[in-house]
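Going down the list, the protein sequences come from chains A and B.
Using the working numbering, read the first sequence as starting at 13 and increasing by one per residue.
Using the working numbering, read the second sequence as starting at -12 and increasing by one per residue.
Because the hints were derived from the structure by calculation, they are not lab data.
In this text, a Cβ means the ideal position worked out from N, Cα and C, and glycines have one as well.
Certain hints may be false.
Label-pair ranges, simulated between beta-carbon atoms [stated by the list, open to error]: (1) B:Lys179 / A:Asn445: 35 to 45 Å; (2) B:Ser86 / A:Ala562: 17 to 27 Å; (3) B:Lys321 / A:Glu584: 19 to 29 Å; (4) B:Val329 / A:Gly507: 24 to 34 Å; (5) B:Asp213 / A:Thr598: 25 to 35 Å; (6) A:Glu535 / B:His31: 50 to 60 Å; (7) B:Ile307 / A:Glu584: 18 to 28 Å; (8) A:Ser260 / B:Lys179: 51 to 61 Å.
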Amino acid sequence: MSDKKENIRNFSIIAHIDHGKSTLADRLLELTDSVAIRDMEEQLLDNMELERERGITIKAHAVKLDYKANDGKTYELNLIDTPGHVDFNYEVSRSLAACEGAVLIVDASQGIEAQTLANTYLALDHNLEIVPVINKIDLPAADPERVAQEVEDVIGIPCLEAPRVSAKTGENVGAVLEEIVKLVPPPENHDDKPLRALIFDSIYDSYRGVIVYVRVMDGSIKPGDTMRMMATGAEFNVVETGYMRATSLEPCKCLSSGEVGYITASIKTVSDARVGDTVTTAENPASEPLPGYRKVNPMVFCGIYPADGADYENLRDALEKLQLNDAALSYEPETSGALGFGFRCGFLGLLHLEIIQERLEREYNLDLVTTIPSVIYKIHLTDKSVVEIDNPCNYPDPATVDFAEEPVVESHIYSPPEYVGAIMDLCQDRRGNYEGMTYLDADRVDLKYTLPLNEIIYDFFDVLKSRTRGYASFDYEMKGYQKATLVKLDVLLNGDMIDALSFIIHSEKAYPRARRIAERLKENIPRQMFEIPIQIAIGGKVIARETVKAMRKDVLAKCYGGDITRKKKLLEKQKEGKKRMRQFGTVEVPQEAFMAVLKLDD
Amino acid sequence: MNNIGLYIHIPFCASKCPYCDFYSFRSDEATREKYAEAVIRELHSAAGKYGRTADTLYLGGGTPSLLGGNILADIIEAAKRDFRIDSGAEITVECNPHSLENGIFEKLKAAGVSRISLGLQSANDSERKRLGRRADRSEIESVIKSIKSAGIDNISLDVMLGIPDGNIDSLKSTLDFCISQDVSHISGYILKIEEGTPFEKLQGTLSLPDDDAVSDMYLFMCEYLDSHGYKQYEISNFAKRGSESRHNLKYWNCEEYLGIGAAAHSFIDGKRFYYPRSAEGFINGITPEADGEGGDLGEYAMLRLRLTDGLDEGELKKKIGISIPDNMRKKAEKYAADGYLVSDGQGIRLTRKGFLVSNTIISELIY
C-alpha cells in the first residue's frame, strides 16, 4: 500500500528573525478557529516568557489546525514552529524532519537575509517543498515584486505567484493556507508497516511525566501498546495518544502514519525519550530506526556555579530539567579553586548560553556565577599526542605544546553595500579571512569570511548589528580547525591566581584584552581594607596590571540618639552584602566583576 | 535609677539646606506655637509615665532658635520642672546664625541654657552659599560675640568636610576661624549625600572631593584640632578638656534618653521607640511607635567604638557584666596588625585611620 493521506499536511515556517514568523503563525491559528478570540494573545506559540520578551522562538512548537479549504474538504494541518536564530539550527533541523513542506517567509522590505538562506537550505536538505510567502506588504518600504524576483534569482524557487500578505493586518493570509494545501505534498500512507515515529521534541510535565512529540512515519500507535525507544531499548506502556492543539492537548484513540501528535507513557526521565530517537512497538518492532538528526555538538563552553554553594544540588536539578527539553545543552560537574562546585556546560552559541543562564535564574530562582566562554581547542603536544581543551584550566604546560588549533566557522554576512567597509573592518579585527563577496542585487551583498569561533562567541553579532544600524544579518557553520598561536591568560588578585577567570586567546589579542580585563576588574572590585594588585599574566609573565587602592572611607559621620536601629541595620546589611561576594584568598569579588569580564564589549 | 538625657526635636527651618535629610520643614507661627504646646504636654505625660530625672537637655532640629526666646524658655522651664533638671545640668540649644531674634541668648541664659550649638558648616562664604547657609562670616562672628556676652561660654560649631569643591585649604581656613573664635567644642562631619535630598539629584554635577581627598581632610582635621587643644573624643567630635557634650556621650555610652517631638527617638527601660515623622501627628497626640529592644552587646560595642575611649573592658563589665568575647578579639587582631585599631588589656579602640573605615570594622566585629 503506498497511497497518500490526502487530508494531512505537515509543514514548518522558516524565516529570518523578525520577518514575522510568529505573527503569521498567530494569524493561521485565528483563521482556522484554533483559538477562541478571548484566548488569543500575541506570539501564542512562544509560550516561554523569555521568548515573548525577546521576540524570538527558542523551542520548536507544534500545533494541529483544522482547515476547510476552498475545495470544500477539511484538512488536518500540522504546523511545527521553528526558531530563527543560528544558534538554534538544530531545532530547525528537528522540526523539518517531521514535515513535507516549509513556508518560507520573506520580508517585503528587507528581502533575503542570512537566515532566510540558511533555513531554506536546511529545508531543501530535508527534501521539503518550499512555499514562499512575501510578508509585511503593509510597510511603506515594501517592494514585493523586487523581493519575489530576488527569491527566484537567489534561491531558485518560483516565487512570482507567491502570496503577498501582511501577517500584522491579516491581509491575504488565507491564501497561505490554500498554498499549503496546494503545494505541500500529503504524507505517504504507511499504516500497514511496523511503527516508526520520530521524536522531534519532548517536554517534562510533573503530572504525566515526559510528553513525547512525534511524527508518525510508519504504522500506528495507541494507548495500551508497549512503545520501545529504538536507541535505548527502553519500553513503556502507552497511557495516552493525542494531538497538540493551540492551547491544550487533545487525546485521540490512535496516531497513525503521516500524523503529528503526542504520546504519554509515564516516562520519568527525559533521557529515556531522546529527541531524534525512533519510537516503535514491542509487539511489532521495526527493524531499522529512522535516520536521526545531525548530532548537535556544543561549541561554546563555560563554567556555571551557584553564587551560594548551598545551591549546588538545585543547580544540578535545574540543569537536568532544562536538558530534558534541550538536547543541545550539555553539562558535567567541575570544581574550581575559586568558585567551588559547579558545572562545565556546553552550548550552541552565546545566545543559547545567555538563554540557559536566564532560564536558570528566572525559572529556578538561582543566583549564578558564569565564567568566560571558551571553544574547544586542539592542542598538539610535543609527544605527538593531541588534547582537546574546553576549559582554560586544563591548558597544558606551554613547554609541552607543539602547536595549537582553534575552530573556525564559515560565515555569511548579508548587508546593504554601504556597510561593507565597516563589516570588513570588523572581520579584520576579529582575525577573519576574506573569502569573497557576491552582489545579490544592487542593494545587498553577501560577504563570505572564515572567522575563528572564539572571535564571534562574545559579542560579534551585537557589534555587527550596531556597526550596520541593524541592517546586516549573519549566519555561520562550522568549517573545521586551523592552526593558531594561542596563549592562556591568567588573572591574579593579590597574588592569587583565580582559575575561574583564566582564558585562552590568540597571542595577537592578548595584550589589549589583558589591559581591558584588568581595567574592568578594577572598576568592579570594591575597595577593600588593603591594596589589591590585579595582574594578568601569561605563564609567569605579567602583561597587564592595575591596582584597587585600599578603602579609606566607610564611616557614618553622624550618629546620635535619633536612629540607632537604622544605623544598626545599615551595618547589618553591609555585612550581608559581603556574604554575597566571593572570597578569593583575602580578596572579596562581587559577581558583577565576573559579568564585567565576560561582557567586554563597549 | 540613672539620670536620663532629654531630647526635644524642633522640626522647623527657615529654609531647607540641600544636603539635609533631617525631619524639618518651613512653618507658620501658629503651627510653631501649637507644636510647642504639644511638646510641653508630652513632656508632662512622659514625666508621669517614667518618673525619671534628667541631667542633660538638648533642643535640636531643625532650627530650635526659630521658635524664639520666649517659647524656648517656656519649653525649657517645663522640662526642668517635669524632669527635675537641676542647675548643674547641661542644656544645649541648636541655633542657626541667620536671622536670630535680638536678645534671644539672654533669654536662653535666664532659662538655664549652658551650651549653644551653631551650624557653621563652613567659614568660607562661597562654600556656605553652596550649602544653602544664609548668614555670612561676619554675621556669625557677631552671633558668637552675643552668645558670649549673654554669659554662655560653652559653644559648639558644626563643620562640614567634603563640601563640593572643598579641599584641605578651605577646611583649614574654616578650622582657623573656629579656633580664632575660641569656641569650646567642634563637630566635624563628613558630608554624606543622603537619599531624596537636592544634593542627591545634583550629585553628578557637584564636584565632590573623592574618598581619598576626604580621608586626607579628615586626618588633617583631627591632627590640626588636636594641636590646637581640641581633643578628639568621638569620630566627629572634638572638645577642649571638660567641654565634651555630656548629652551626646549618653548616646555613645548606650545610656537612656527620652526624645520628645516629631521623629524623636527614645531608649528607656531597655526599649527603643520613636514618634512618627509628622509634626501634625505629634500636635494631635499621636503615640510613639515601638522600635524593639536595645542595649545588647552588639549595639553597645557599635556605639562605644565610635569613641576614642573605645570598647573598654571595665565599662563593659559594669554595663553588661561580661568581658570582650574571644571571637570579637580575634577579629580585632586582624585589624590591629594593620593599624586600624588597638586591642589591649584595656579594650578595643579604633585609630583615626580605623574611624574612617569604621563601618566595615564595626560590622565585622559585631556580626
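**Message:** Let me make sure I understand: some of the numbered hints might not hold for this structure. Which ones are they, in numerical order?
**Reply:** Those not satisfied are hints 1 and 2.
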